[in-house]
Amino acid sequence: MINAVNRFIPDNLKPFKASDDYKNFSRRLIDKKQKQSKTVFLNSIEEAFDLFEIQSNQCLSFHHHLRNGDYVIQNVCEVIQNRKLINMHLAPSSIFPSYTNLVDLIKNHNVTNVHTNYVNGEVAKIISQGHLKGKLIMNTHGGRARAIESGDLKIDVAFLACPVVDKNGNGTGSFGKSACGTLGYAISDLHYARKVILVSDTIVDQLDDFQIDGNYVDAIVQLNSIGDSKGIVSGTTQLTKDPIGLKIAKDCANLLDELGVIKQEFSMQTGAGKTSLAVVKYVMEIMKKNSVVGSFASGGITKSYVDMLNEGLFKALYDVQCFDLEAIKSYHKNINHKAMTASEYGNPFENNPISNQLSFVVLGATEIDLDFNVNVTTDSLGSLIGGSGGHADIAYGAGVTIIISPLIKARLPLIKDRVMTVTTPGTDIDILVTERGIAINPRRPDLIEKLKNSRFPRFSINDLYKLSHTITGVPRRIEKTDEIVGFVEYRDGTFIDCIYKSKF
Amino acid sequence: MFRSLLFIPGNNPSMIQNADVYLSDGIIFDLEDSVDINEKDNARNLVRNYLSEGHTNPSLVVLRINPIDTPFFENDIELIVTKKINYILLPKTSMDALNILNDYLTQLEQKYDLEKTKVIALVESAQSIIQINKIAKNARVEAILLGAEDLCNDLEIDRTNKGTEILFARSKVVYACASNNIISIDTPNVYIENEEFLRTDCLNAKNIGMKAKSAIHPNQLESINKIFSPTQKEIDWAKRVLEAVETNPGKGAFSLGGKMIDKPIVLKATKIIDKAKKYNLL
Numbered sequence: 001m002i003n004a005v006n007r008f009i010p011d012n013l014k015p016f017k018a019s020d021d022y023k024n025f026s027r028r029l030i031d032k033k034q035k036q037s038k039t040v041f042l043n044s045i046e047e048a049f050d051l052f053e054i055q056s057n058q059c060l061s062f063h064h065h066l067r068n069g070d071y072v073i074q075n076v077c078e079v080i081q082n083r084k085l086i087n088m089h090l091a092p093s094s095i096f097p098s099y100t101n102l103v104d105l106i107k108n109h110n111v112t113n114v115h116t117n118y119v120n121g122e123v124a125k126i127i128s129q130g131h132l133k134g135k136l137i138m139n140t141h142g143g144r145a146r147a148i149e150s151g152d153l154k155i156d157v158a159f160l161a162c163p164v165v166d167k168n169g170n171g172t173g174s175f176g177k178s179a180c181g182t183l184g185y186a187i188s189d190l191h192y193a194r195k196v197i198l199v200s201d202t203i204v205d206q207l208d209d210f211q212i213d214g215n216y217v218d219a220i221v222q223l224n225s226i227g228d229s230k231g232i233v234s235g236t237t238q239l240t241k242d243p244i245g246l247k248i249a250k251d252c253a254n255l256l257d258e259l260g261v262i263k264q265e266f267s268m269q270t271g272a273g274k275t276s277l278a279v280v281k282y283v284m285e286i287m288k289k290n291s292v293v294g295s296f297a298s299g300g301i302t303k304s305y306v307d308m309l310n311e312g313l314f315k316a317l318y319d320v321q322c323f324d325l326e327a328i329k330s331y332h333k334n335i336n337h338k339a340m341t342a343s344e345y346g347n348p349f350e351n352n353p354i355s356n357q358l359s360f361v362v363l364g365a366t367e368i369d370l371d372f373n374v375n376v377t378t379d380s381l382g383s384l385i386g387g388s389g390g391h392a393d394i395a396y397g398a399g400v401t402i403i404i405s406p407l408i409k410a411r412l413p414l415i416k417d418r419v420m421t422v423t424t425p426g427t428d429i430d431i432l433v434t435e436r437g438i439a440i441n442p443r444r445p446d447l448i449e450k451l452k453n454s455r456f457p458r459f460s461i462n463d464l465y466k467l468s469h470t471i472t473g474v475p476r477r478i479e480k481t482d483e484i485v486g487f488v489e490y491r492d493g494t495f496i497d498c499i500y501k502s503k504f
Numbered sequence: 001m002f003r004s005l006l007f008i009p010g011n012n013p014s015m016i017q018n019a020d021v022y023l024s025d026g027i028i029f030d031l032e033d034s035v036d037i038n039e040k041d042n043a044r045n046l047v048r049n050y051l052s053e054g055h056t057n058p059s060l061v062v063l064r065i066n067p068i069d070t071p072f073f074e075n076d077i078e079l080i081v082t083k084k085i086n087y088i089l090l091p092k093t094s095m096d097a098l099n100i101l102n103d104y105l106t107q108l109e110q111k112y113d114l115e116k117t118k119v120i121a122l123v124e125s126a127q128s129i130i131q132i133n134k135i136a137k138n139a140r141v142e143a144i145l146l147g148a149e150d151l152c153n154d155l156e157i158d159r160t161n162k163g164t165e166i167l168f169a170r171s172k173v174v175y176a177c178a179s180n181n182i183i184s185i186d187t188p189n190v191y192i193e194n195e196e197f198l199r200t201d202c203l204n205a206k207n208i209g210m211k212a213k214s215a216i217h218p219n220q221l222e223s224i225n226k227i228f229s230p231t232q233k234e235i236d237w238a239k240r241v242l243e244a245v246e247t248n249p250g251k252g253a254f255s256l257g258g259k260m261i262d263k264p265i266v267l268k269a270t271k272i273i274d275k276a277k278k279y280n281l282l
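First to last, the protein sequences are chains A and B. Take 1 as the starting number for the first sequence in my numbering and just add one per residue. Take 1 as the starting number for the second sequence in my numbering and just add one per residue.
Note that these hints are calculated values from the structure, not bench results. It is possible that some hints are incorrect.
[As the list claims (entries may be wrong)] Below, simulated BS3-like cross-link-like pairs (lysine-lysine); rule was C-alpha separation at most 30 Å, straight line:
1) Lys250/A - Lys233/B
2) Lys107/A - Lys135/A
3) Lys409/A - Lys40/B
4) Lys92/B - Lys162/B
5) Lys271/B - Lys116/B
6) Lys233/B - Lys263/A
7) Lys277/B - Lys250/A
8) Lys226/B - Lys281/A
9) Lys278/B - Lys241/A
10) Lys452/A - Lys233/B
11) Lys250/A - Lys275/B
12) Lys154/A - Lys84/A
13) Lys289/A - Lys233/B
14) Lys277/B - Lys289/A
15) Lys92/B - Lys211/B
16) Lys211/B - Lys134/B
17) Lys263/A - Lys333/A
18) Lys288/A - Lys226/B
19) Lys275/B - Lys289/A
20) Lys84/B - Lys466/A
21) Lys277/B - Lys452/A
22) Lys275/B - Lys452/A
23) Lys83/B - Lys466/A
24) Lys263/A - Lys226/B
25) Lys288/A - Lys233/B
26) Lys274/A - Lys226/B
27) Lys289/A - Lys226/B
28) Lys239/B - Lys452/A
29) Lys133/A - Lys503/A
30) Lys162/B - Lys241/A
31) Lys250/A - Lys226/B
32) Lys259/B - Lys233/B
33) Lys211/B - Lys250/A
34) Lys289/A - Lys206/B
Hey, can you work out the whole structure from these sequences and the hints?
Here it is as structure tokens:
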């Protein structure tokens, strides 16, 4: 069948209808786990496999707070391989390039299904090549929380990396040799997985302040090290120096100012890339100039936001994931730097999630099309290179959703007649900001009216599309293959697009 | 009239593609120093194709050709047939070089029925500084750009951020240009990551009378444009002067706020307003 963004979806799946269609349904919750026995302490991942009788065909989950420095998923993959388990379903909240042990497991069918929010590196490449025997489901951060709490994603055992645990099974990521800050993506797994195993390299007698509640923890595995600290804090703290990126960032901040959304008590979220960091800097300058104090900033938190909190420009930070060392330190010591769970962040069925309270968000795009649909899942050739993360969650929830991107990326035009893969529906995208001008979604006449006297060069998205072709020429159309390797699941559990085997 | 000119290497397609996006008032497509000798033909072809076929050319185009004593000069200069070039930037300008350039340009202009090509003289040797008044009087020359790096090499001295070593040369450029009613353009600042150095350098140049500055990185343009634009205070003052002229018709001199306003003051105010209009500052 064809869904609401004009994409084919197999008949056995629920097609995406509209980003607010979730309002027609009530929240589904399975029971939170009931721990049957005392938390046990183990010395290896193997012991955990033995104790909980982890077998073929089971679903194991992980969070990605250790980012590109994670040893836990790597170690679990080794055990799966050594025990020759097959048809495993893995559900890490993201997959980073360092998760190399997954590659052979997928190729050899030890792992046949994957649920994740983001995938990059060799794993992305081999899934695009068709090596995953089952299917890949790419959902959003908020959608993953919804899937777990509703039982749509049933987790047999959650292996949760936890930088510090205490003897009661409580845990925190805010300090320790593998400190990663908040553990927001782990909380749904903690509450709803059949068994929960914390994997740590630091055990203390008692934690007074913890994010992981030991009442849900079945076992703790102590390893010498759970991660490489360089890979854990791999987020960039550098602003872009690219003049085009800086121009886009400055224009974006000035546009937000003209829209009047940088005002007392406003809230914001941006991505964590170099251009987004430049947007934050320019927004900060506007706030200082106009003596504006915002209510909160949210998301993956970076040093830039920590600086703004410390300078009194925001009253609070809501942090689902710390991107750099400064954010980790701030989360540890500043009471106004608050953790939020993935569900509190973007679960559509949560009561007023943070994503719905945002005044504006600034996001990136790999491609955008004439209907403003955005792709951040695959490249222009259809190969996996990322995923929604929180993109679709906050694009829906925010008052104003802005996409920033150069009009031409690596000599390819950003705007397509149809994006290769729909990650976020165009109904949730309000303004595209490029180096040559902006395009406002006609669905937002209020924004068009506010900017009618603006000095910003304004175009229809069709005109920007044509302008880019005058520079690059018209790119050859890339035909998709017929073989589906995965699906993009919208945050409400419907399916917004298919991911096809790559030709390249 | 311009405040800023940005050098873009002629063999850098990603920069050329964005030439119209940068904040400079004009772009200098460089076929000379920033292009390796093995890349000369590629650079020339790339710039020619961009100018000929591009729909997004910058509003003011300058082409820095290779010096007249190189084998690339003649091919470079033929790019004027694209009719997209506002100025030729002649490196290592001397009167001899200008005369040779003039002969070539005249032949091409006659052959292809082109308008007269304007020239920016790049003065970057002791000899060119000595000849500067003659250079400034040349009929094709509409601006002079000081090239301080090569000049300091010629003088065997180091460049400093204070710029005292080029004060004489800067002053010569300013006076030659002012007396011939052409535009003086300051040397680029090579410290591309030090905003304070750039600011000081711009102020040093502006305060002795330079009207514009060249840039070698797009991130330098915002500072240059700001410093070489009239300030809001200057604009407000100029508006008051011109309003007072309208309310005092026929008076050669009159008083405004206790200060005498006469023809030179009115001319100064008019120039400020013209610049403010040009740069969208009103």
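Satisfaction of hint between lysine 84/A and lysine 154/A, Cα-Cα up to 30 Å: Distance of about 22 Å is within 30 Å: holds.
Restraint check for lysine 278/B with lysine 241/A, where alpha carbons must lie at most 30 Å apart: holds (28 Å)
Holds or violated: lysine 274/A to lysine 226/B, with C-alpha atoms at most 30 Å apart: Answer holds: lysine 274/A to lysine 226/B is near 25 Å, not above 30 Å.
Proposed proximity, lysine 281/A with lysine 226/B (alpha carbon, max 30 Å): Within the cut-off at roughly 20 Å; holds.
Straight-line alpha-carbon gap lysine 259/B to lysine 233/B, limit 30 Å: holds (17 Å)
Pairwise hint evaluation, lysine 250/A against lysine 211/B, where the allowed Cα distance is 30 Å at most: Since the Cα atoms of lysine 211/B and lysine 250/A sit roughly 27 Å apart, the hinted pair holds (cutoff 30 Å).
30 Å Cα cutoff - pair lysine 409/A, lysine 40/B: With Cα atoms ~26 Å apart, lysine 409/A and lysine 40/B stay inside 30 Å; holds.
Lysine 275/B paired with lysine 289/A [C-alpha distance capped at 30 Å]: holds (27 Å)
Pair hint outcome, lysine 211/B versus lysine 134/B [Cα-Cα no greater than 30 Å]: holds (20 Å)
Given hint lysine 233/B paired with lysine 289/A - CA-CA distance at most 30 Å: Roughly 19 Å between the alpha carbons, so the hint for lysine 289/A and lysine 233/B holds.
Restraint check for lysine 277/B with lysine 250/A, where alpha carbons must lie at most 30 Å apart: Judged against 30 Å, a Cα distance of about 23 Å means the pair holds.
Straight-line alpha-carbon gap lysine 271/B to lysine 116/B, limit 30 Å: holds (26 Å)
When held up to the earlier numbered hints, the structure conflicts with none and fits them all.
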